[in-house]
Amino acid sequence: AQTVTQSQPEMSVQEAETVTLSCTYDTSESDYYLFWYKQPPSRQMILVIRQEAYKQQNATENRFSVNFQKAAKSFSLKISDSQLGDAAMYFCAYRRGAGGTSYGKLTFGQGTILTVHP
Amino acid sequence: GAVVSQHPSWVICKSGTSVKIECRSLDFQATTMFWYRQFPKQSLMLMATSNEGSKATYEQGVEKDKFLINHASLTLSTLTVTSAHPEDSSFYICSASGSAFFGQGTRLTVV
Numbered sequence: 022a023q024t025v026t027q028s029q030p031e032m033s034v035q036e037a038e039t040v041t042l043s044c045t046y047d048t049s050e051s052d053y054y055l056f057w058y059k060q061p062p063s064r065q066m067i068l069v070i071r072q073e074a075y076k077q078q079n080a081t082e083n084r085f086s087v088n089f090q091k092a093a094k095s096f097s098l099k100i101s102d103s104q105l106g107d108a109a110m111y112f113c114a115y116r117r118g119a120g121g122t123s124y125g126k127l128t129f130g131q132g133t134i135l136t137v138h139p
Numbered sequence: 004g005a006v007v008s009q010h011p012s013w014v015i016c017k018s019g020t021s022v023k024i025e026c027r028s029l030d031f032q033a034t035t036m037f038w039y040r041q042f043p044k045q046s047l048m049l050m051a052t053s054n055e056g057s058k059a060t061y062e063q064g065v066e067k068d069k070f071l072i073n074h075a076s077l078t079l080s081t082l083t084v085t086s087a088h089p090e091d092s093s094f095y096i097c098s099a100s101g102s103a104f105f106g107q108g109t110r111l112t113v114v
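So the sequence lines, in the order shown, correspond to chains B and U. Under the working numbering, the first residue of the first sequence carries the number 22, and numbering increases by one thereafter. Under the working numbering, the first residue of the second sequence carries the number 4, and numbering increases by one thereafter.
To be clear, the hints were calculated from the coordinates, so they are not data collected in a lab.
Here are the simulated SDA-like pairs of lysine to any residue, each with C-alpha atoms no more than 20 Å apart in a straight line:
{"id": "1", "chain 1": "U", "residue 1": "K67", "chain 2": "U", "residue 2": "P89"}
{"id": "2", "chain 1": "U", "residue 1": "K44", "chain 2": "B", "residue 2": "S43"}
{"id": "3", "chain 1": "U", "residue 1": "K44", "chain 2": "B", "residue 2": "T136"}
{"id": "4", "chain 1": "B", "residue 1": "K99", "chain 2": "B", "residue 2": "H138"}
{"id": "5", "chain 1": "U", "residue 1": "K44", "chain 2": "B", "residue 2": "E31"}
{"id": "6", "chain 1": "B", "residue 1": "K91", "chain 2": "B", "residue 2": "D47"}
{"id": "7", "chain 1": "B", "residue 1": "K99", "chain 2": "B", "residue 2": "S28"}
{"id": "8", "chain 1": "B", "residue 1": "K91", "chain 2": "B", "residue 2": "R71"}
{"id": "9", "chain 1": "U", "residue 1": "K44", "chain 2": "B", "residue 2": "Q131"}
{"id": "10", "chain 1": "U", "residue 1": "K44", "chain 2": "B", "residue 2": "G106"}
{"id": "11", "chain 1": "U", "residue 1": "K44", "chain 2": "B", "residue 2": "S33"}
{"id": "12", "chain 1": "B", "residue 1": "K99", "chain 2": "B", "residue 2": "L68"}
{"id": "13", "chain 1": "B", "residue 1": "K76", "chain 2": "U", "residue 2": "A103"}
{"id": "14", "chain 1": "U", "residue 1": "K44", "chain 2": "B", "residue 2": "I67"}
{"id": "15", "chain 1": "U", "residue 1": "K23", "chain 2": "U", "residue 2": "T78"}
{"id": "16", "chain 1": "U", "residue 1": "K17", "chain 2": "U", "residue 2": "S86"}
{"id": "17", "chain 1": "B", "residue 1": "K91", "chain 2": "B", "residue 2": "T26"}
{"id": "18", "chain 1": "U", "residue 1": "K23", "chain 2": "U", "residue 2": "S57"}
{"id": "19", "chain 1": "U", "residue 1": "K44", "chain 2": "B", "residue 2": "D107"}
{"id": "20", "chain 1": "U", "residue 1": "K44", "chain 2": "B", "residue 2": "L68"}
{"id": "21", "chain 1": "B", "residue 1": "K76", "chain 2": "B", "residue 2": "R117"}
{"id": "22", "chain 1": "U", "residue 1": "K44", "chain 2": "B", "residue 2": "A108"}
{"id": "23", "chain 1": "U", "residue 1": "K44", "chain 2": "B", "residue 2": "P62"}
{"id": "24", "chain 1": "B", "residue 1": "K76", "chain 2": "B", "residue 2": "K91"}
{"id": "25", "chain 1": "U", "residue 1": "K44", "chain 2": "B", "residue 2": "P30"}
{"id": "26", "chain 1": "U", "residue 1": "K44", "chain 2": "B", "residue 2": "I134"}
{"id": "27", "chain 1": "U", "residue 1": "K44", "chain 2": "B", "residue 2": "V137"}
{"id": "28", "chain 1": "U", "residue 1": "K44", "chain 2": "B", "residue 2": "Q29"}
{"id": "29", "chain 1": "U", "residue 1": "K44", "chain 2": "B", "residue 2": "M32"}
{"id": "30", "chain 1": "U", "residue 1": "K44", "chain 2": "B", "residue 2": "Q65"}
{"id": "31", "chain 1": "U", "residue 1": "K44", "chain 2": "B", "residue 2": "S28"}
{"id": "32", "chain 1": "U", "residue 1": "K44", "chain 2": "B", "residue 2": "S63"}
{"id": "33", "chain 1": "B", "residue 1": "K94", "chain 2": "B", "residue 2": "E50"}
{"id": "34", "chain 1": "B", "residue 1": "K76", "chain 2": "B", "residue 2": "Y54"}
{"id": "35", "chain 1": "U", "residue 1": "K17", "chain 2": "U", "residue 2": "V113"}
{"id": "36", "chain 1": "U", "residue 1": "K44", "chain 2": "B", "residue 2": "T26"}
{"id": "37", "chain 1": "U", "residue 1": "K44", "chain 2": "B", "residue 2": "M110"}
{"id": "38", "chain 1": "U", "residue 1": "K44", "chain 2": "B", "residue 2": "P61"}
{"id": "39", "chain 1": "U", "residue 1": "K67", "chain 2": "U", "residue 2": "D91"}
{"id": "40", "chain 1": "U", "residue 1": "K44", "chain 2": "B", "residue 2": "R64"}
The task is simple: from the sequences and hints, build the whole structure.
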């Protein structure tokens with residue numbers, strides 16, 4: 022079974038600074054996707070960034086980027102120029118590749134609460 | 004694209020009654036949908052996989068008779084919490100296979 026681990030229950034950052042959230046995972050599969058989701062107080066799950074395992078290039082979405090280390094099974098999220106609106110709970114998630122009965126099922130890490138100080 | 008809509012956003016019900024939550028895929032067909040449960044400040048835990056036209060697959064420890072899932076069409080899955088009790092109070096969220104998107108979630112409070 023796949024597992025996802027976020028070892029930082031809470032993190033804080035000053036506005037305009039950079040913060041990195043850690044995530045490790047364990048799987049025996051070669052085809053999979055990794056995600057970072059943001060959950061603000063509204064509790065709506067918002068997709069931040071996605072990484073396909075077969076792609077060596079790290080995904081980037083504006084101020085958000087990942088450091089995907091496949092061999093180490095590490096998938097960290099870097100938030101640059103942090104804004105007050107970035108404050109939320111962040112979840113790392115794993116999804117197996119296409120095909121199979123469990124396609125689409127997500128396995129989540131424990132979450133990291135990010136606080137942004139003005 | 005790939006929008007998932009969930010209704011209601013919140014519901015309060017009396018202990019012993021049943022509550023139905025709907026999850027719709029608005030712009031695509033979803034043969035499979037997933038139902039998650041989340042307690043405050045905790046992670047999302049998969050409850051069951053909803054399969055269109057067939058029985059749902061429940062995760063270990065989830066009572067299938069309490070959490071009834073129906074996936075009657077390619078765009079709609081429903082979760083019914085039967086004979087609800089205060090311990091069923093939680094946040095329920097759905098997602099659709101092939102989509103990285105979630106419904107808005109339903110906050111259920113049983114009094």
